[in-house]
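Colleague: At position 7 of the sequence shown (counting the first as 1) the number is 6 in numbering that gives the first Met the number 0, and the numbers step up by one without a gap.
A few of these clues could be false.
[Stated by the list, open to error] Label pairs and their computed distance ranges (CB to CB): (1) Asp-3 with Arg-74: 22 to 32 Å; (2) His-32 with Pro-65: 20 to 30 Å; (3) Thr-77 with His-32: 14 to 24 Å; (4) Arg-7 with Val-83: 41 to 51 Å; (5) Asn-40 with Pro-87: 40 to 50 Å; (6) Ala-11 with Asp-84: 24 to 34 Å; (7) Thr-77 with Val-45: 42 to 52 Å; (8) Asp-84 with Asn-1: 36 to 46 Å.
Source of the hints: derived by calculation from the structure; they are not laboratory data. Note that the structure is a prediction, hence the values are computed from the model and not measured. Every residue, glycine too, gets a C-beta built ideally from N, C-alpha and C.
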Amino acid sequence: MNVDHWARRFAALAADRETPGTTLALWHDGQTHEFATGVLNRSTGVQVTTESIFQIGSITKGWTAPQLMMLIEQRRLTLDSGVVDVLPEFDGSSEI
0 MNVDHWARRF
10 AALAADRETP
20 GTTLALWHDG
30 QTHEFATGVL
40 NRSTGVQVTT
50 ESIFQIGSIT
60 KGWTAPQLMM
70 LIEQRRLTLD
80 SGVVDVLPEF
90 DGSSEI
C-alpha cells in the first residue's frame, strides 16, 4: 500500500467535499496507518490530529444498516431478528 498516496487522496477528498476536518485509519499488512486533515473548528483554526475527538451524531445509522444487511445476506440474521436473539444480556432486566 502506498501510504503517501492515501494521505494525499484523503486530504484531497476532504477538501473537495469542504469537510472542515476529519481523520482516517487503515489497517494493512498488520500495520495501522492514521491520517488527519483540516481543522476541528473553523472559528479557532485548531488543527485536527489523529488523537482528535469528534462527535459522531447520526452517522452510525449509515454504517449500521449496511452491516445488518450483510448479516441478513449471509443468513446470520433476518429482518425479524430481535436484539435479544443476538444479545441475550440485553433483555432489559439489568443495566448495561
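Colleague: Hints first: check each against the structure and report whether it holds.
Modeller: Hints and how they fare:
1. Range check, Asp-3 to Arg-74: Cβ separation about 41 Å, and the 22 to 32 Å hint is violated.
2. Between His-32 and Pro-65 the C-beta distance comes to about 23 Å, which sits within the given range of 20 to 30 Å.
3. Range check, Thr-77 to His-32: about 37 Å between beta-carbon atoms, so the 14 to 24 Å window is missed.
4. Distance hint check: the CB atoms of Arg-7 and Val-83 are about 47 Å apart, consistent with the given range 41 to 51 Å.
5. Our hint of 40 to 50 Å for Asn-40 and Pro-87 holds, since their Cβ atoms are close to 43 Å apart.
6. Checking the proposed 24 to 34 Å range against Ala-11 and Asp-84 shows it is violated: the Cβ atoms sit about 44 Å from each other.
7. The hinted window of 42 to 52 Å between Thr-77 and Val-45 holds, with their beta carbons roughly 46 Å apart.
8. The beta-carbon spacing between Asp-84 and Asn-1, approximately 43 Å, falls within the hinted interval of 36 to 46 Å.
Comparing the model with each numbered hint stated earlier shows that hints 1, 3, 6 do not hold.
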